[in-house]
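Going down the list, the protein sequences come from chains A and B.
Under our numbering, the residue at position 71 of the first sequence is numbered 234, and the numbers go up by one with no gaps.
Under our numbering, the residue at position 42 of the second sequence is numbered 490, and the numbers go up by one with no gaps.
It should be emphasised that the hints constitute simulated quantities derived from the structure, not laboratory data.
Quick caveat, the model's predicted, so the values are computed rather than measured.
Ideal Cβ positions, reconstructed from N, Cα and C, are used throughout, including at glycine.
Treat each hint with caution, since some may be false.
Derived DEER-like restraints, expressed as beta-carbon distance ranges [as the list claims (entries may be wrong)]:
| hint | chain 1 | residue 1 | chain 2 | residue 2 | range |
| --- | --- | --- | --- | --- | --- |
| 1 | B | P530 | A | K227 | 15 to 25 Å |
| 2 | B | R510 | A | M265 | 51 to 61 Å |
| 3 | B | I476 | A | F198 | 19 to 29 Å |
| 4 | B | F494 | A | A214 | 29 to 39 Å |
| 5 | A | V256 | B | M549 | 52 to 62 Å |
| 6 | B | P527 | A | N230 | 38 to 48 Å |
| 7 | B | N529 | A | K227 | 17 to 27 Å |
| 8 | A | I231 | B | M549 | 51 to 61 Å |
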Amino acid sequence: MAIGAIGTSTPIQPIEFPKLGGAGGAGKAEGTKNFGDQLSGAIDNLQQTQAKSDDLATQVATGKLTNIHDYMIAANQTEIATQLTVAVRNKAVDAFNQIMNMQV
Amino acid sequence: MPLFDAFAISGSGLYTYRKWMDALSDNIANMDTVVGTNQNAFQERFVQAQAANVKGSGGGVRVASVQLGDAAGRLRHDPSNPLADAQGYVKAPDMDLSDQMTNLILAQRGYQANLAAIDRAKQAYTQALSLGK
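In isolation and in its complexed conformation, chain B is listed as follows (with noise of 0.2 Å):
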């Protein structure tokens, strides 16, 4: 419906952020994700995102794919872990906690951002219902 196209466009940037705080999400609980260095590291997740054609809106944006990082991850010196391997290495992720925080907090503001076009949309639409009143 056209009346409502700034609500589909902040709408589809809602639903992308929520996305890439969900995949942060998924790279912070498995921060200390462990492996034997015979198989492959958790891989970080990105989302990519692209421009769209929202709802015939001719604006928006959608996750095109959620690409993955690389595999062979950080050789990590942990004896104890029942993983090691006989020199003493497990494979830990090849991504930084601090990275990974400073992104949560773009996907956020970025989240309510969209939600703050929203609510102008919302007002502004209000106010025009009040014309004349």
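Just chain A, with the same shape it has in the complex (with noise of 0.2 Å):
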């Protein structure tokens, strides 16, 4: 009885591995952004949700308001996005200082 050779039909594949995909995500490590133009980006996402959070706010002035829902979820957005935003800058302030004091 013949035995064969062990096939290499199927070749290796390489890994491939996720990327960290999406807007608006602060901090994130893409490799080709500085730090700066990330941060930058953070704070106009966070313009762009204050600025939808503010417009909803004078809708529920005026009376045209049809969801309260609406609303309330903006503010909560636009609460959780300042809240990141700042605690990224905080972070990266404290590296910066960090360096800073160190002895030479």
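From these two lone chains plus the hints, build me the complex, please.
As structure tokens, this is what we get:
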């Protein structure tokens, strides 16, 4: 009985690592963007979120709001986005200060 | 924004349940709306929900349509009603108040459940932000 050679019909595939995607993810490691760009991008996003929240607040005041939850969701989103941006900024400033206080 | 998908999805749920409450309010308001027998009775409002892709989140729900109930209604003997025909009949809507109230409880609880989901997501995000403090 002939024993067949071990086939190499299925070459080993390189492993593809998932990429961190999505807009507005402040502090994500993309490699190509520096931290300043990322932070300003996050602040732009924050500004958009706040503008939406402001717009809905105006609708509340003028009686044009049709869904109560729309405003509450937008307000909560803005709150969390602001907290996130502030947290990222604080961490960055902490890191900067640690380097500046380094003894040489 | 992917960060707020949970909010967008639960928001679509809130909208749908709100629409259901609107439809039920309409039904309850018109519970005793009678018309002459030569006209269509008030038709019960049914909200048809459908799974949707809300703001690119891959989830959520939307109101597909509002379906209407039977226009034939129920004949009610009420000779004193000015709308009554020669036999003394008027047409009342084909729906029950008890059904509407039961559905109203379901709609209210559904709305509250979506609010709870948003609240939990917010709590989780806030806790994540307090990491290391």
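CB-CB spacing for N230 (chain A) and P527 (chain B) relative to the 38 to 48 Å hint: 46 Å, holds
Outcome of range test on Cβ distance (I476 (chain B), F198 (chain A); 19 to 29 Å): Given a distance of about 57 Å, which is not inside 19 to 29 Å, the answer is violated.
Satisfaction of the hinted span 51 to 61 Å by the C-beta atoms belonging to I231 (chain A) and M549 (chain B): 23 Å, violated
Outcome of range test on Cβ distance (N529 (chain B), K227 (chain A); 17 to 27 Å): Once the Cβ atoms are compared, 40 Å apart, the range 17 to 27 Å for K227 (chain A) and N529 (chain B) is violated.
Beta-carbon spacing of R510 (chain B) to M265 (chain A) - inside the hinted bounds 51 to 61 Å or not: Holds, at about 56 Å.
Whether the CB-CB distance between P530 (chain B) and K227 (chain A) falls inside 15 to 25 Å: 40 Å, violated
Consistency of beta-carbon spacing, M549 (chain B) to V256 (chain A), with hint 52 to 62 Å: The hinted range 52 to 62 Å holds for V256 (chain A) and M549 (chain B), with Cβ atoms some 57 Å apart.
Consistency of beta-carbon spacing, A214 (chain A) to F494 (chain B), with hint 29 to 39 Å: 38 Å, holds
In terms of the numbered hints stated before, the structure departs from hints 1, 3, 7 and 8, listed from lowest to highest.
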